[in-house]
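Join these two chains into a complex; the hints should help.
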Amino acid sequence: MTPDLHLWIIPVLPLLGAAINGFLGGKFSRQAVASVALLFSGAAFAMVLFVASRFSSLSMPHVEFLAPWIRAGEFQVDFSFYLDQLSLVMLLVVTGVGFLIHFYAVGYMWEEGGFCRFFTYLNLFMFFMLTLVLASNYLLMFIGWEGVGLASYLLIGFWFTKDSAAAAGKKAFIVNRVGDFGFLIALFLLIKHFGSLNFDQVFQSVIPMGAETGAAGLLTAVGLLLMVGAAGKSAQIPLYVWLPDAMEGPTPVSALIHAATMVTAGVYMVSRSHVIFERAPMALTVVAIIGTLTALFAATIGITQTDIKKVLAYSTISQLGYMFMACGVGAFSAGIFHLMTHAFFKGLLFLAAGSVIHAVSGEQDMRQMGGLRTKIPWTFWTMTIATFAIAGIPPFAGFFSKDEILWRAYQVSWVYWFIGLFTAFVTSFYMFRLWFMTFFGEYRGTAESHEDSAHHLAHDGPRAGAPAAHGHGHGGIHESPWVMVVPLVVLAFLSLTGGWIGVPGSLGGSNHFDRFLGPVFHSTIAAGAEGLGLAAPPHKETEGPEPQTGHATELIFTGISVLAGLLGFFLAWQLYYRNPQLPQQIAAGLGTLYNAVVHKYYIDELYATLFVKPLIAGSALILWHGIDQDVIDASVDNGAHGANEVSDSIRHMQSGNLRSYAGWVAAGAAAVIAYMVWMGTR
Amino acid sequence: MVPISYYLILSGILFACGVTGFLIKRNIISIFMSIELMLNGVNLSFVAFAAQWHALSGQIFVFFVMVVAAAETAVGLAIIIAVYRTRETLNVDQVDLLKL
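As you go down the protein sequences, you meet chains A and B in turn.
The opening position of the first sequence corresponds to residue 50 in our numbering, with each subsequent residue numbered one higher.
The opening position of the second sequence corresponds to residue 73 in our numbering, with each subsequent residue numbered one higher.
Looking at chain B on its own, in the form it has when it is part of the complex (with noise of 0.2 Å):
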């Protein structure tokens, strides 16, 4: 069986690959992406950590995870063409209006 730390280290990598991307990504499309990346880096370790523990609710969470992120780039997704439509950019540095 593989050890619960391989699980976390690959769940970290993910998580921070996530992170790097949304930090240092112009393009809406990318951050939307490390999103995502983030979201599934968690969800790793939950189901890591209900296998481990032999707990439902760790994969249940995960379930909710997944329905809210599919909500999540619904929406997401529908502001980003709105953006588009309107700035002809996905470039976040030039959709900056909204500051004091």
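Same shape as in the complex, but just chain A (with noise of 0.2 Å):
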């Protein structure tokens, strides 16, 4: 008999908390405000530790029902939830990380505008987020999915006022949509051929069928479809567009939606569906060649962006390739692992970032910051710790994780290996590119000696109507109130520990999170994979004990991604710290490959002259001009037209003149009085 957790109250409880703030949050102070939403998320964390301290003694997997949602015939969904090593690792990730960026952006919003509905959205999107994870079938997974979708659009616009902002959320939620068809048409897909969206029974059908070698065929169809999902919701080519301009919303929202969270639900979707993808050899293999992609083309982006969010993002978009490498080479777990740690790193990135923007006055040009580094001894810090784990330097979080990726992408093909090498090279490279730049060397920003000025704007959004006397830039450049400095310490312990569980065997260690997830990953492949025989799909060997492979060659691979990211933090040394005139120099030398990744390589404008432009055209002239002008409304129009010549050539038969009233009633008479004589003749 398996306890009754009563997972249901992890993701109500945020909800009560938006609940509560949207509808009653106008009237409550500021300091009401924060706490309930602090109370909530802090609430649904501590649930989620109670249950995770519950865990050993659940039998795995641990599935609670709720209340039946759709029974239509043998076609069941219920609101039910499924727990197992996986979601309990998200669900830490997403209450743990989620509630230090409530506490951040109590300090981070409190000058701001909208502070209620700020909290209410930010609740909301823990709600769907808990409620994506916790899902027991595809279909309230779904419901989460296009929830935290909602979230995002909503906090991405939520100075919506400008006009970039409102863009940005739109531009996220249309992006999306592409994806959503994707993963719909595969959730179509397996109600037709399984005749359920349950985990269950959807991977109990799946389990017995054979790797999908030779041709391609339905599950390489369903995972591809989910991957197309995937790649809207975690912004990985072709349908990462979304994510730069994502960050027009609040930090906070960036750190905690756009990096650390929502973003990596594509790579959970996809671990939980691995049971399909590892009989899909096509479809894994198409998982892994878009992750690594991704990974080395928003890298290189990441190099030539100076507004210190787009750096980040770019960086967001580049890491979540390697997840979706790791997951295409059938390391789940690796890829998981490096999911946490992201949310640990990039989370205090964003944090880092939107506390030298709050010291800065709302500058995020990186050319107008620098020499930040003893005015705000914290987040300089923390962000060192940050960018040292990001850059995959032993001992911080990112090495142990990113390093994992790449030694069992080794393993499948070296080709992954060097663009996931090479690409850990650049981001080391572009990540200390924007630690020197913020920090070190001279101040070339105005925030100091424009103090006094009651133009400069506030964080990263300047609003309409918002008060000239704001609060921030008070005595020009400051540390960040310690409500904003707590948890950036907090993560930094994290970015800074956090890849110590995952020690892998060649450095002494265990794996303890690989063994972790172990049954998660390993049951169905010990089920499936066996009556295979002939199939060795890759996973085959990464997800089995450590390889055969010595260590020493390991040893051997983690040298040189260290050695990789050194390369960059020297490069990005004697570039930006040593010879900060020699970048423009190199710049202008390159000339058009450097304006290309200068324009993104204009892959928005390809998106819109490709996409958008043909597709307002299209709407213009043939639905809108077509089909809405020439069709609805002239029938419509023509209609009334019709009827109102009709009445106004009949209405001068209403002469008031008697006679002719007579001369009509005569003839009416005639009329019938001929037709009943000839009716009575034939």
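Keep in mind the hints are simulated off the structure, nothing from the lab.
Keep in mind the model is a prediction, meaning the values are calculated, not measured.
Some hints here could point you the wrong way.
Selected chain A positions facing chain B (in silico; Cβ < 8 Å) [stated by the list, open to error]:
1. K76
2. G705
3. N706
Over the 10 Å line for every Cβ pair with chain A, so calculated as not near, a few chain B residues [what the hints assert, rightly or not]:
4. Y78
5. C89
6. V114
7. A122
8. W125
9. A142
10. L169
Each residue gets a CB set at the ideal place from its N, CA and C atoms; glycine is no exception.
As structure tokens, then:
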């Protein structure tokens, strides 16, 4: 008998917070709004911790039924929750990092308008994200999936009076629709062929099926369609374009939704569906290729960005690419491991960037920063830890997860490994570039001298009607208040130590994390792969016990990737610390290539030409002018005009002249009589 | 015995006179009289058929028509007087306010 843990409480807690702040928050003071938001998100975290403490006593996977939802003959979908090692990790990340970012946001948003609206959305996001993670069937997952998209849209467009923010929100929503379309088709395929959307039932039906090594079949189709959905949500090629624009939202939102949690939903979904992917090698290869290309592509764009948040945005896309690369080579647990460490250090990077932006009164351009090291020491040191973590320098968290991915990738193909390694170098380079430009050298901004100016803008968004006498900026560059510093420190601690739970065997550890997630990814393979015999999918070696390749080889590879990270550091140090004028000369020397990268390879322009403009033109010409105006409007208008004209001609019969009436009556009577006579004679 | 066709022809002539008068006369009184003429033309055909078929209902119908015609005359004359008082004319072509 498994105990009932009331898992439904976890998502409902933030929903309650959102409801209270949403319906009543307008009358609350800021303190009350912040307390409600923190209380409910903190309670969700506490609940997850409680569940984690009882975790070992549960039999996996632990499914809890709450209420029936759809019952149509054989097909049924319930509100029920699915807890296993994978969802527990996700729960801890979402509620833990989520709570810290809520905490931070109290300080960051304190001076902003729409304080209560902000926390309503943030709590709403938590609700949907937890629903997504805990769902025991694809449909409930899809509800969470769409819900986080909605929350993301609302929060990107939080400063909706700003055109660019409103446009960015729309862009995110619309691009995500494209991905969701693929997801939905995948769900329909699952319903058609398995008659169910429950993870248990679908996986039970899939496990006996053989790997589709020869020809692509149902599972490949489902896998590819799910990947379309994941590419939309997790900002992979070709649907990544919305994420950089999403930086229009407040920085805590960028940290929580567009770095730490929501964008990793695609990785979670692919990992959750690993049973399907493992039997569709082609889909898995596509995942790996997309992930690898995205990682490289976004990292190169990151080099040339000057907006501190945009750099981090491209970095997020690139890191998500790593996670998909991991999934694509069958190393799902490595992907989830990187997801977790990434949540720590990328959340921290964004929060620290927010703190920097806060310090320099809303400036986001790194060219206007510099020398902030001594002025905001807490931010500097925490950001340093995060930068080292993302650059893959031991012993920080990112090193272990990234190294594991690269090692696993190498076992499948050296191409993945090489591109991944190069990306690691590029990542390290642009992150240290950001670090040097922001914290070292001379201060190049104007916040200090203009501290009396009433025109400086708060944070990342000028808003119509923002009070001129804004709280920030008094006293020039300043460290953030303690509510913002505490989450930075906690996340810095996690970024430092978070990787230690997954120390690989080659470094004397035992990779607890891999072992912890083992049952999720292992059990089905044992059941499935045995029967396959001939099929040797790439995951077989990676998910099993440590591969036969010696630890020595692995250590060499570890050394190489650390070297790549250090090389990035060295290059950034040379270019942005020692010789700050050199980058411009190099940029001028590279010419066209540099321009292409600065303009993000003209992908936005390409999409605008390929999709947006034809769509708008087609809509205007065919749907709007053609169908709406010429058919629908025209039928209504012409109907009215016709009635008008007919009545206009008929109304002259009512002349008021009695004798003409009499004539009509007589004519009518004559006609009736004639008719009757004619009928009679027939 | 006079054949029924004679009655019917006379009835038709009466009715046609009534219709013609109704259509061409401008004086309300004359129009009114034309209506009576049409009614009586119809009455004549009723009684002719009643006599032909020995059916009493045709004769009873004629009484009804007479009663209704009397009532109609009473109301109609009252309206004519009212019209004459307000418009000071009996020409229907000049009484044409009720139009669009």
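Hint by hint, where does the structure go against what was stated? Just the numbers, ascending. Failing hints, ascending: 1 and 10.
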